[in-house]
Amino acid sequence: MSETPSKNEQKPPVGDVSSSSRMQLMLCGGTACVSSGSVKVKAALERELAKHDLTDEVDVVVTGCNGFCAKGPVMVVQPDGIFYQELKEKDIPHLVEEHMLKGRPVEKLMYSPPDKKTAVPTMSEIGFFKKQRLVALRNRGLLDPESIDEYIARDGYKALAKVLSEMTPEEVIDEMIASGLRGRGGGGFPTGIKWKTCRMAAGEPKYVVCNADEGDPGAYMDRSIVEADPHVVLEGMAIAAYAVGSSKGYVYIRHEYPLALKRLQKAMEDAREYGLLGKNIFGKGFDFDISIHFGAGAFVCGESTALMASMEGHVGEPRAKYIHTVDHGLWDRPTNLNNVETYANVPVIILRGTKWFTSIGTGDVSKSPWGGSKGTKVFSLVGKVNNTGLVEVPMGITLREIIFDIGGGIPNGKKFKAVQTGGPSGGVLPESLLDIPVDFDQLTKVGSMMGSGGMIVMDEDDCMVDIARYYIDFLAGESCGKCVPCREGLRQINKMLTDISNGEAEEGVLELLEETAHTVAETSLCALGGSAPNPVLSTLRYFRDEYEAHVREKRCPAGLCKNLVTYSIDPVNCNGCTLCAIKCPQHAITGERKKVHTIDTSLCIKCGICRDVCKQDAVIVK
Amino acid sequence: MFKLRIEDLDRIAEENKKTMSLRHGAGRVKITVHMGTCGIAAGARNIMAEVMRCVGESGASDIIVTTSGCAGLCSREPMMTVEVTDQAPVKYIDLDKKKTKRIFDEHVMKGNIVEEYALAMGGERTL
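These protein sequence lines map, in sequence, to chains A and B. Heads up: the first sequence begins at 1 in our numbering, then just goes up one per residue. Heads up: the second sequence begins at 1001 in our numbering, then just goes up one per residue.
Wrong hints could be hidden among the right ones.
Claimed, not checked - Derived DSS-like pairs (lysine-lysine); straight-line CA-CA distance at most 25 Å:
#1 A:LYS279 x A:LYS158
#2 B:LYS1003 x A:LYS284
#3 B:LYS1098 x B:LYS1110
#4 A:LYS158 x A:LYS51
#5 A:LYS594 x A:LYS583
#6 A:LYS40 x A:LYS108
#7 B:LYS1003 x A:LYS262
#8 A:LYS158 x B:LYS1003
#9 A:LYS88 x A:LYS40
#10 A:LYS266 x B:LYS1003
#11 A:LYS554 x A:LYS583
#12 A:LYS355 x A:LYS131
#13 B:LYS1003 x A:LYS279
#14 A:LYS615 x A:LYS554
#15 A:LYS40 x A:LYS162
#16 A:LYS196 x A:LYS284
#17 B:LYS1003 x A:LYS248
#18 A:LYS196 x A:LYS367
#19 A:LYS415 x A:LYS554
#20 A:LYS595 x A:LYS583
#21 B:LYS1003 x A:LYS162
What the hints assert, rightly or not - So the derived label-pair ranges between C-beta atoms look like this:
#22 B:GLU1115 x A:GLU146: 31 to 39 Å
#23 A:LYS554 x B:LYS1101: 51 to 59 Å
#24 B:LYS1101 x A:ARG544: 55 to 63 Å
Since the hints were derived computationally from the structure, they do not count as laboratory data. The beta-carbon is built from N, C-alpha and C at its ideal position, and this holds for glycine as well.
Pulled out of the complex, with its shape left as it was, chain B reads as follows (with noise of 0.2 Å):
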C-alpha cells in the first residue's frame, strides 16, 4: 500500500521550511550542533548538553535546537551553527562549554556575534 503521493512531497517539505529556514517564520533564532562522528569524538555532546541548558535556563521559547551531520572541517570541531532571524548564518568552531554559553547569552541571546570564536558567516557553495 501506498502512503504517500507525490504531490504530498511539497506539503512536506512547505510544512518544514518553517523550522528549517527562519525566514518562514517559527523561531527567532536556530542552533545547529554539528553531530558527526567527528563533531562527538571532539565532544558535540557536552556542547548539545550545554546548549540546552542555556535555552532551558532563559526560558526562551523561540529557539529552534536541531543537530546536523559533519561540517567538513572536522579538525576544527566541535561545531555549532548560529542563525539568528535575516542574518547570515555564522559557524563557530573549537567550542568548549563556556565558549558555548558565550555564544548563547552573547550572540543568541543580545544579537552580537562572538567575533573571536567565529570562523565564517554565509552558506557553501552547493550545486
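Excised from the complex, chain A in its bound form (with noise of 0.2 Å):
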C-alpha cells in the first residue's frame, strides 16, 4: 500500500524515468496487451491523470510482453509493485482518482490467483522458459503457421505497411544500421551497413537472398522459425528488398527440409493472393516477389559466394571474398543475403523502434554496429543436457544461464565438461569459460563464434580427441576441394586425429596438428576452411591434457577411443548376476551364476554393452 503522496518527498521512487515523477505505471505493450486494448487504456490513463493534474507526478511507461497475456492489459504500478489486470477503459478514472491520487489501491481491479490451489506452475516458474526472450520466435507455439490471417493478427506485415507508406528507403537502412542488429548466420556482419552497401552499389536488377541452408549437425533455428513463422521471413525480405532498391527475392532452402518447405510455399501462395507479393504491394508503387530455390544439403552451400554459385546452377563451390556479393552476387547483380534468423528480427524492429532493440544486449552501438551485440539470439541446445531444444535469449547472458538454468543441466548427475557453440567449425569451451557473456565478440575472443547458433553440451564421458575427430571428418567430407589447404589440410588433421585416437601417433604430432590447423585456417579460401581448425584449436588450447594423455600414456582419459581401453570386471563389485553374459554379443564374458565374471580383451569389442547393462558398476573401462 502506497502512502499518501508528498510532494516534497526527496527520494526518487524504484525504476525512476523522470526525476520529477514519483510515480510510474508500467502499462504492457505487448502484442497481445495491445490487442486486448492496453492503447486505449494508454490514452485513457494520460487523459485521467491530466483532469487531475498529475502528469508530472506520475509517467505512463510502455514496456514490452510481461508474460502475463492472458489476463491482458496488464500494469504494474511502482514503486508499489501493484500488479492490475484486465484493464477496462472505463474502469480508469476511478483507477486514477482512487490510487494515483488518494493512494488507495483498487482491489477488484488487482490479480488475484485462481481460488483453486493448482500444482501447475506458471510459465515464468519454469526454468526453461524464466530465461528468454522471445524476438524472432515471438510468434512461436501461438498461431496457426499456415494462416496469414493470424500472422496479421499478431501484427503481421505492419512493419511492410509502415516502411512503404511512411519511410524512405533510407531511413530503414539508417534504422537497421543505428539498431545494432548484427547478421544472425554466423558472420555478425552489421545487417544495416550491408543493405547501405548493397543499396549504393551499381548494377540492376538487385537480389535479396535469404539463407536457409542450415547445415550445421544439430542446428534447426531457421526450420523451426520457417515452420512456425513463416511469414516473419517473407516480410523480413520484402522490408530488405525496399530498403536496398529490389524487386526479385529468392529462398536458398534445402531439400531435407520438406515441412518448412511447404509451409514457406504456403505462405507465399497465400501472400500473393492478399497482393503483399507481387506487383504494387499496399498501392504504395513497390514490386517485390520471391521464388525459392531449392539446396542439395551441401554444407559449403550455407557459404555466400558457393550458394550463389549453386543458386545459378554451378557447382557450390566459393570465391575468393575480396569481391563482395553485396556488389557482385548473384548473376553478378549485387545481392544482399542475410539468413532466417536476420530477416525474422526486421520487421519488430521497424515496428519497435532502434530503443527498445537495442535495451537489449551487450556493448554500445550508438557510434557503430561493431560496438556491441544487441537483441537476442536463437540457440539450438542439444547434447548432454537436460531440456534440449530451442532457446531464444538476450545477447550477453553467460553460457552457465543456458546449460543449467534453461537447459536443466547434465542428465545422469553427470559431470560437465565442455560446450561447443557454433556448430561444427566453433570452439569447444572448458567449465572455466561458463561465466562469459555470450556475444559475437567474446565467444571470437575465447576461440569459438556465435556462428548460427547451435550448442552443444558434452559431459565427463566424451572425449575431446573423438569430439575433434568428429567434426573434422564431417568438415573434410564437406569441403569443396576447390583449395589445397582446406581439401588437403584437413585430411591431414584428420589423419593425425585419428592416429591420436589410435594410440599411434609419436610425440611432435600436437605441434604439427597445431600448425597444420593454423596454416589451413589462414590459408583456405572461404570460411568453412578458414574456421575448420577451430574444434582443433580450441580443443588443443583448454583440453591439452587429454591429448599428450592420447600421445604419450596411450590412455583415453574419458574411456571413450577404443584402442586405447580394456574392457575389465571388478571382482569385488560383480555380483554374478550373469547379465553381461547373456547380453554380451561377442560371448567374451564368461563366469557361473553367483560368481566373479572374467572378460576375454581377445574376443571383447569394447562396444560397451556389458558396463551399460550392469547394475553393480562393476565394469571397468580403462
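From these two lone chains plus the hints, build me the complex, please.
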C-alpha cells in the first residue's frame, strides 16, 4: 500500500524514468495486451492524469510483454509493485482517482490467484522458459503457421506497411544500422551496413536472398522459424528489398526441410493472394516477389558465394571474397544475403524501434554497429543436457545460465565437461569459461564463435580428441575441394587425430597438428576452411592434457577411444548376476551364476553393452 | 494490381482475434497441437488424430482445434496447449493417445487441469 503522496518527498522512486515523477505506471505494450486494448487504456490514463493535474508526478511507461498475456492488458504500478489486470477504459477514471491521487490501490482490479490451489507452475516459474526472451521466435506456438490471417492478427505485415507508407529506403537502412542488428547466420556482420552497401552498389537488377541452408549438425533454428512463422521471413525480405532497391527475392532452402518448405510455399501463395507479394504492394508502387531455390544439402552452400554459384546452376564452390556479393553476387548483380533469423528480427525492429531493440544485449552501438551485440539469439541446445530444445535468449547471458538454468544441467548426474558453440566449425569451451557473456565478440575472443547458434553440451564421458575428430571428419567430407589448404589440410588433420585416438601417434604430433590447423585457417579460400580448425585448436587450447594422455601414455581419460581402453570386471563389485554374459554379442564374458565373471579381451570389441547393463557398476574401462 | 490496402490489415487482425483469443468470443476452449518437425517426429500427428476423434465423439461445437509450430522444448514433445476461456493456457508434455484422451475428458470437457501431465500455465515472455 503506498503512502499518501507527498510532494516534498526527496527520495526518487524505484525505476525512476524522470526525476520529478513519484510513480510509474508500467503498462504492457506487448502484442497480446495491445490487442486486448492497452492502447485505449493508455489514452484513458493520460487523459485522467491530466484531469487531476498529475501528469508531472506520474509517468505512463509502455513496456514489452510481461508474459502474463492471458490477463491483459496488465499494468504494474511502481514503486508499489501493485499488479493490475484486465484493465478496461471505463475502469481508468476510478483507478486514477483512487490509487494515483488518493493512494488507495483498487482491489477489484488487482490480480488474484485462481481460487483453486493448483500444482501447475506458471511459465515464468519454469527455468526453461524463465530466462528466455522471444523476439525472432515471438510467434512460436501462438499462431497457425499456415494462416496468413493469424500472422496479420499478431501485427504481421504492419512493419512492411509502415516502411512503404512512412519511410524512405534510406531511413529504413539508418534504422537498421542504429539498431545494431548483426547477421545471425554466423558472420555477425551489421545488417544495416550490408543493406547500405547493396543499395549503393552499381548494377540492376538487385536481388535479396534468404539463406535457409542450415547445415550445422544439431542446429535447427532456421527450420523452426520457417515452420512456426513463415510469413515473418517473407516480410523481413520484403523490407530488405525495399531498402536495397530490389524487386526479386530468393529463398535458398535445403531439400531436407520438407515441412518448412511446404509452409513457406503456402505462405507465399497466401501472400500473393493478398497482394503482399507481387506488383504494387499496398498500392505504394513497390513490386516484390520471391522464388524458392532448393539446395541439395551441401554444408559449403551456406557460404555466400558458394550458395550463389549453386543458385546459378554451377557446382557449389566458393570464390575469393575480395569481390563482395553485395557488389557482384547472384548473376553478377548486387545481392543482399541474410539468413532466416536475421530477417525474422527486421519487422519487429521497424515496429518497436531502435531504442527498444538496443535495450537488449551488450555493448554500445550508438557510434558503430560493431560496438556490441544487440537483441537476442536463438540457440538449439542439444547434446548432454536435460532440456534439449530451441531457446532464444538476450545477448550477454552467460553460457552457464543457458546450460544450467534453461537447459536444466547434465543428465544422469554426470559432470559438465565442455560446450561447443557455433556449429562444427565453432570452438569447444571448458567449464572455466562458462561465465563469459554470450555475444559475437566474447565468443570469438575465446576461440569459438556465435555461428548460426548450434550449442552442443558434452559431459565427462566425451573424449575431446574424439569430438575434434568427429567434426574434422564431417568438415573434410563437406569441403568442396576447390582450394588446397582445406582439401588436403583437413585430410591430414583428420589422419593425425585418428592416429592419436588409435594410440598410434608419435611425440611431436600435437605441434604438427597445431601448425597444420593454423595454416588451414589462414590460407583457405572461404569461411569453411577458415573456421574448420576451430574444434582442433580450441580443444588443444583447453584440453591439451587429454591429447597428451593419448599420445604419451596411450590412454583415453574419458574411456572412449576404443584402441586405448580395455574392459575388465571388478571382482569386488561383481555379484555374478550373469546379465553381462547374456548380453555380450561376442560371448566374451564367462562366469558362473553368483560368481565373479571375467572378460576375454581377445574377443571383446569394446562395444560397452556390458557396462551399460551392469547394475553393480562392476565393469571397469581403463 | 494491389489487393490489400494498409487499413485492411487491422480489419483482418480484428476478425482473427476472435478465433485466436478466446477473450473475443467464438469458442470456449482452444486446443493447440504443436506440430513442428520435432513434434511430428515424436508423434504429434497421432495426438492430433486423437484430439479430432475426441472432439467428434463429444459432439461439442465450442472447441477450436488448431496447430502451431515448435514450442521450444523439443525434448518433451509431443506437446499440446489447452486454453479455456478466462483461464491461463496450460501446456501438456510427453503426450500419448491415452493422456490426450484424459486431458480432453478432464480439462477440455470438465475444466480440471490434469496436473500430472502439465508442464506449466501462462505465456512466454515475448518482445
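Now for the hints, and whether the structure bears them out:
Between the alpha carbons of LYS279 (chain A) and LYS158 (chain A) the distance comes to roughly 18 Å, so the proposed pair stays at or under 25 Å and holds. Using a Cα cut-off of 25 Å, the hinted pair LYS1003 (chain B) and LYS284 (chain A) holds, with the two alpha carbons roughly 11 Å apart. With a C-alpha separation of about 17 Å, the suggested pair LYS1098 (chain B) and LYS1110 (chain B) falls inside the 25 Å cut-off, and the hint holds. At roughly 33 Å between alpha-carbon atoms, LYS158 (chain A) and LYS51 (chain A) are farther apart than 25 Å, so this suggested pair is violated.
This hinted pair checks out: LYS594 (chain A) and LYS583 (chain A) have alpha carbons roughly 17 Å apart, not beyond 25 Å. For the hint pairing LYS40 (chain A) with LYS108 (chain A), the CA-to-CA distance comes to about 20 Å; that is within 25 Å, so the pair holds. Proposed proximity of LYS1003 (chain B) and LYS262 (chain A) is supported: the alpha carbons are some 24 Å apart, at most 25 Å. Between LYS158 (chain A) and LYS1003 (chain B) the CA atoms are separated by roughly 15 Å; this keeps the pair inside 25 Å, and the hint holds.
Restraint check for LYS88 (chain A) and LYS40 (chain A): satisfied, since their Cα atoms lie roughly 8 Å apart, inside the 25 Å limit. Simply put, LYS266 (chain A) and LYS1003 (chain B) have alpha-carbon atoms about 18 Å apart, close enough for the 25 Å limit, and the pair holds. Taken as a hint, the LYS554 (chain A) and LYS583 (chain A) pair is broken in the structure, with Cα atoms around 29 Å apart against an allowance of 25 Å. At roughly 21 Å between alpha-carbon atoms, LYS355 (chain A) and LYS131 (chain A) fall within 25 Å of each other, so this suggested pair holds.
Distance hint between LYS1003 (chain B) and LYS279 (chain A) is fulfilled; the C-alpha atoms sit about 10 Å from each other, no more than 25 Å. The hinted pair formed by LYS615 (chain A) and LYS554 (chain A) fails the criterion: a straight-line CA distance of about 29 Å is larger than 25 Å. Restraint check: the Cα-Cα separation between LYS40 (chain A) and LYS162 (chain A) comes to about 21 Å, which is no more than 25 Å; the hinted pair holds. Distance check on the hinted pair: LYS196 (chain A) and LYS284 (chain A) sit about 22 Å apart at the alpha-carbon level, within 25 Å; holds.
A threshold of 25 Å between alpha carbons decides the hint, and for LYS1003 (chain B) with LYS248 (chain A) the separation of about 19 Å falls inside it, so the pair holds. Proposed proximity of LYS196 (chain A) and LYS367 (chain A) is supported: the alpha carbons are some 16 Å apart, at most 25 Å. The hinted pair formed by LYS415 (chain A) and LYS554 (chain A) meets the criterion: a straight-line CA distance of about 24 Å does not exceed 25 Å. For the given pair, LYS595 (chain A) sits about 17 Å from LYS583 (chain A) by alpha-carbon distance, which is consistent with the 25 Å threshold.
A C-alpha spacing of about 17 Å is found between LYS1003 (chain B) and LYS162 (chain A), which places the hinted pair at or below 25 Å, so the restraint holds. In this structure the supplied range 31 to 39 Å holds for GLU1115 (chain B) paired with GLU146 (chain A), their Cβ-Cβ distance being about 32 Å. For LYS554 (chain A) and LYS1101 (chain B), the Cβ-Cβ distance of about 58 Å falls inside the hinted range of 51 to 59 Å, so the restraint holds. Remark: the range hint 55 to 63 Å for LYS1101 (chain B) to ARG544 (chain A) is upheld by a beta-carbon distance near 56 Å.
Comparing the model with each earlier hint shows violations of hints 4, 11 and 14; every other hint is respected.
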